[in-house]
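A.B. asks: Listed here are the chains, written in short residue letters.
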Amino acid sequence: MFAKAIAIALGSIAPALGIGYIGAKAMESIGRNPEAAGKILVPMLLACAFAEAIAIYALVIAFSIK
Amino acid sequence: MSESANSENQTELVTEHTLYAEPIFELGGFTVTNSLFTSWIALFVIIVIGVSFKLSVKTIPGKLQNIMEMVVDKFLELFDSVTNSREKSVFLAPFVMSFFFLILINNWMGIMPGVGAFGKIVSEHGENVFVPFLRGGTADLNTTLALASLAVVASHIFGVVAVGAWTYLNKFINIKAFLEIPKKVLKDPTVLLVNPIKAFVGLVEIIGELAKVASLSFRLFGNIFAGEVLLASMSAIMAFAIPIPFLFLEIIVGLIQALIFAMLVLIYVSISTTAEEH
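These protein sequences, in sequence, are chains A and B. Quick note on the working numbering: the first sequence kicks off at 1 and runs consecutively. Quick note on the working numbering: the second sequence kicks off at 1 and runs consecutively.
These are calculated hints, taken from the structure and not from any lab test. Treat the numbers as computed from the prediction; the structure is a model and nothing was measured. Take the hints with a grain of salt, since some may be wrong.
Simulated crosslink set (EDC-like; lysine to aspartate or glutamate; CA at most 16 Å straight-line) [what the hints assert, rightly or not]:
hint, chain 1, residue 1, chain 2, residue 2
1, A, Lys66, B, Asp80
2, A, Lys39, B, Asp80
3, B, Lys120, B, Glu12
Model the full assembly from the supplied sequences, consistent with the hints where possible.
C.D. replies: See below:
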């Protein structure tokens, strides 16, 4: 029971930090150049999904522990 | 995993989301699971829409054709940003967009009303388990693993066809690097050190291909399966108002994951079809 909780808890520290960093950089670059907001959106979403995938790996492990 | 026990007739009914898909019927020795059945329905929907659209294409477009042309144009622009060549995008677009639409419809089938609601009760290991007839297609690891391996194998095939078998083989098992050593060692002695390293990097790339398959399949499977479990947990708390924001989240996640899968397939194929520069 605790193994599931620890697996997902430790596994989502780094992706959370990563996504926060990606979002922060995206906000900064939109602030510098508001017209590029549409162009920045798609690569930012792509990068967020990659970072999220690591958390999902941890989640799958948490689900498959009995 | 959410377990809701209904005591009816002194028996408890177990409804929980299993990692594997449950079989619902057999077709002459081939077991059909509920995820497979839902994927067939999604495929049927796509084929019907595609064929009926193709038969009604006119030179002066009506409203529906206008919308579809806009969608295709936006996609081709998006693909151009990766491949940097319109004719390559047009060549690869059918392959990549079929991934996109199949995964999108499969993801959204998981949140359709009626999916996961109707089912039958089987008794397994002495307790009654509820097996739904329909379940989201991509919530089964088999589907996503099949799609991911298909994409990676296809990228290799595209690469061999585009660049030639010898050049493509040298991207992984870098025999050319070893053959070049005797030719260049007099002019440039660092070649003795650098080329074996290049050959080793090529071997490591083979492991990278397996990692591609694993990451593609697990990303999609994990997102959709976790969404299912999340919705079930939220509905167990209070089934009326609470699931609404999570349903929105699932709609968006389904769209984004389909887009990510398609873009990654495009990136892998366009990397393997470009010749290496020195």
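A.B. asks: Give a verdict on every hint.
C.D. replies: Against the structure, the hints come out as follows:
no. : hint                   : result
1   : Lys66(A) <-> Asp80(B)  : 46 Å, violated
2   : Lys39(A) <-> Asp80(B)  : 14 Å, holds
3   : Lys120(B) <-> Glu12(B) : 14 Å, holds
The structure is inconsistent with hint 1 alone, although it conforms to all the rest.
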